[in-house]
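There are 2 protein chains.
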Amino acid sequence: MSKGHLLPLCVKEDLKQVEDELTRVVSSKEGKLAEAALTTLKAGGKRLRPILVLLAGMINLYDASKLIHAAVAVELVHTASLIHDDVLDGADTRRGSPTINAAWNKKTAVSAGDYLFGIAFEILSKLDNPYLMKVMSEAVLALSVGELHQMRTRYSLNQTMDDYLAKIKSKTAVLFSTACLIGATLSEAKKVEIEALGRYGENLGMAFQIYDDVLDISGDKKVLGKPIGIDLKDGMVTMPVFLALKETPQRAYLQNVVENVNLTEEEIKKAIEIIEATSAIKETKRRAKGFVEKALGAIELIENDDVRGSLCSIGEFVIDRYH
Amino acid sequence: MSKGHLLPLCVKEDLKQVEDELTRVVSSKEGKLAEAALTTLKAGGKRLRPILVLLAGMINLYDASKLIHAAVAVELVHTASLIHDDVLDGADTRRGSPTINAAWNKKTAVSAGDYLFGIAFEILSKLDNPYLMKVMSEAVLALSVGELHQMRTRYSLNQTMDDYLAKIKSKTAVLFSTACLIGATLSEAKKVEIEALGRYGENLGMAFQIYDDVLDISGDKKVLGKPIGIDLKDGMVTMPVFLALKETPQRAYLQNVVENVNLTEEEIKKAIEIIEATSAIKETKRRAKGFVEKALGAIELIENDDVRGSLCSIGEFVIDRYH
Numbered sequence: 021m022s023k024g025h026l027l028p029l030c031v032k033e034d035l036k037q038v039e040d041e042l043t044r045v046v047s048s049k050e051g052k053l054a055e056a057a058l059t060t061l062k063a064g065g066k067r068l069r070p071i072l073v074l075l076a077g078m079i080n081l082y083d084a085s086k087l088i089h090a091a092v093a094v095e096l097v098h099t100a101s102l103i104h105d106d107v108l109d110g111a112d113t114r115r116g117s118p119t120i121n122a123a124w125n126k127k128t129a130v131s132a133g134d135y136l137f138g139i140a141f142e143i144l145s146k147l148d149n150p151y152l153m154k155v156m157s158e159a160v161l162a163l164s165v166g167e168l169h170q171m172r173t174r175y176s177l178n179q180t181m182d183d184y185l186a187k188i189k190s191k192t193a194v195l196f197s198t199a200c201l202i203g204a205t206l207s208e209a210k211k212v213e214i215e216a217l218g219r220y221g222e223n224l225g226m227a228f229q230i231y232d233d234v235l236d237i238s239g240d241k242k243v244l245g246k247p248i249g250i251d252l253k254d255g256m257v258t259m260p261v262f263l264a265l266k267e268t269p270q271r272a273y274l275q276n277v278v279e280n281v282n283l284t285e286e287e288i289k290k291a292i293e294i295i296e297a298t299s300a301i302k303e304t305k306r307r308a309k310g311f312v313e314k315a316l317g318a319i320e321l322i323e324n325d326d327v328r329g330s331l332c333s334i335g336e337f338v339i340d341r342y343h
Numbered sequence: 021m022s023k024g025h026l027l028p029l030c031v032k033e034d035l036k037q038v039e040d041e042l043t044r045v046v047s048s049k050e051g052k053l054a055e056a057a058l059t060t061l062k063a064g065g066k067r068l069r070p071i072l073v074l075l076a077g078m079i080n081l082y083d084a085s086k087l088i089h090a091a092v093a094v095e096l097v098h099t100a101s102l103i104h105d106d107v108l109d110g111a112d113t114r115r116g117s118p119t120i121n122a123a124w125n126k127k128t129a130v131s132a133g134d135y136l137f138g139i140a141f142e143i144l145s146k147l148d149n150p151y152l153m154k155v156m157s158e159a160v161l162a163l164s165v166g167e168l169h170q171m172r173t174r175y176s177l178n179q180t181m182d183d184y185l186a187k188i189k190s191k192t193a194v195l196f197s198t199a200c201l202i203g204a205t206l207s208e209a210k211k212v213e214i215e216a217l218g219r220y221g222e223n224l225g226m227a228f229q230i231y232d233d234v235l236d237i238s239g240d241k242k243v244l245g246k247p248i249g250i251d252l253k254d255g256m257v258t259m260p261v262f263l264a265l266k267e268t269p270q271r272a273y274l275q276n277v278v279e280n281v282n283l284t285e286e287e288i289k290k291a292i293e294i295i296e297a298t299s300a301i302k303e304t305k306r307r308a309k310g311f312v313e314k315a316l317g318a319i320e321l322i323e324n325d326d327v328r329g330s331l332c333s334i335g336e337f338v339i340d341r342y343h
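Top line first, the protein sequences correspond to chains A and B.
Per my numbering, residue 21 is the first one in the first sequence, and the count goes up by one each step.
Per my numbering, residue 21 is the first one in the second sequence, and the count goes up by one each step.
Among the hints, erroneous ones may be present.
Identical chains share a label here; the pair holds if one copy fits it or two copies do between them.
PhoX-like, lysine-lysine: derived pairs with alpha carbons at most 25 Å apart [to be verified]:
#	residue 1	residue 2
1	K146	K211
2	K210	K146
3	K62	K290
4	K146	K189
5	K189	K49
Just so you know, the hints here were simulated from the structure itself, not pulled from any lab data.
Chain A with its partners taken away, still in its complex shape (with noise of 0.2 Å):
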């Protein structure tokens, strides 16, 4: 996260444990597993979820050591799901880097998910916390319930707006609430603020998404660090596209993009033209921010100022990226 400014001190420093402990835990297994692990794992996140743990674990009690040990397992599913995904997507690179698929094979990818996943409820049973293993299980249901359902619904228009917004929940939302859970519970706070925390994540996570969603089309790719329209290419019907489909005059023919699987990159830029030409981005950054009105709305109660102040800076950030 670039602006890391905003977070308390004992937030960044115990963040840059965490990032020596995910190295640590995953390196200390088996040797091929490991180096393929590791590079998805370097591949430059932006650690939001673990940053989710800290912070939600500051709201009452803050136990250093046993908060980087569940933001390390958090940190590790959403990994382990990513790798899973680039098999699905049969995606060669992520962020710049080459994917598990492309520097090895999608068996290396396959079995260095399932690590991933290991790794992190071997961490998470350690804490002790039946609860925690409870949501974090949630979570990796959810995660094997959007990647399906990305892949089913690519390059099809047979699916509405409300199953976009289901996939995301899956696919995204589900863990940033869970990563908001964990470090809530780990702090020992009251029922009603642990709630509160995992509203705030689900709707973070949504806008996360929709946000995301939003850069493949109007984004900077030399910001991005990846080249624009990639959804686009894949297939994805993102809220952008459901949006532009209904006011574009040039409806066929963003359809028809839409549903092909070998599009070329002048078409991806025409398609792109298309969109940008209605008012679907700007509505979408509306909806975006709805859902992060909505995160903030959540968090009101919560007396902590320190943590409320960061959430919300979260929470600007997640719909400010490169501006």
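Given chain A, put chain B in place with the hints provided.
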């Protein structure tokens, strides 16, 4: 398991509930994943791992409800690992039924495996015992290491018998041991008994896998429900192959078969004849029996005669399957 009459009545009864519960929990969530996962789940496994959970769960107290849930979780982890294994092996059939790869595609198989891992951990987390989660996480980790180990050593003689033993420990023995540890823990057995059951499970699992590898070479196709020589075709170097290579005058031919990725039926048949002309099968069975003896030795201290008797029967079944 065909020798079900050797099981105590309560285990036989509860095994039916495990079966119903397996179907119920897998069907309860996402439609497509459930449908895919059920094909593998229903492909006719022997449910040895659930049996071990239930039997070990009889040592002291017998809490049927908890044990049934735990048995379901263990079988789901096993099934998830089979599904991912089939992706890694590119297998088209399992026990005569099409694999998820074949009936759907590899992508669905990756998600279906993750889906079952998620359900398994969700169920286990409800049993409110972090130790169960810890041993299950370690099993998932071992399975992922075993999966990759198996894939990396295919078609290669650059491995030792110790490598083979380490691989089958990760791939099979750890989950057998886990099933026993979970059952005995839920039974609130004494620590020394829980540990004894763990050693029993591990050694039983070693024997089971070794005997499985024997059946691939000298089994009866009709009884097995699958062709023999599959492991050879897939480049798996199993104990009978290791032993035959040491003894046969046709070492060069057999080496070539192992390293050949495109074997004909004729070549497989000849390789099997070469192996059968040595003492390899007999010696492999002897070693499998040695593991069963270690397994039975471990449970001598178990006071519950019913449980010990059934565990002994399973030991005999494992090395005497289909004679």
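Structure-based check of all given hints:
Both within a single protomer and between protomers do K146 and K211 lie at most 25 Å apart by alpha-carbon distance, with minima of 23 Å and 19 Å respectively. Taking the closest pair of Cα atoms, K210 and K146 come within 25 Å of each other both inside a single copy (23 Å) and across two copies (21 Å). With identical chains, the CA atoms of K62 and K290 are never at most 25 Å apart, being 34 Å at best within one copy and 49 Å at best between copies. Taking identical chains as interchangeable, the C-alpha atoms of K146 and K189 lie at most 25 Å apart only when they sit on different chains, with a minimum of 23 Å there against 28 Å within one chain.
For the homomeric pair K189 and K49, the shortest alpha-carbon distance between copies (15 Å) is at most 25 Å, but the shortest distance inside one copy (32 Å) is not.
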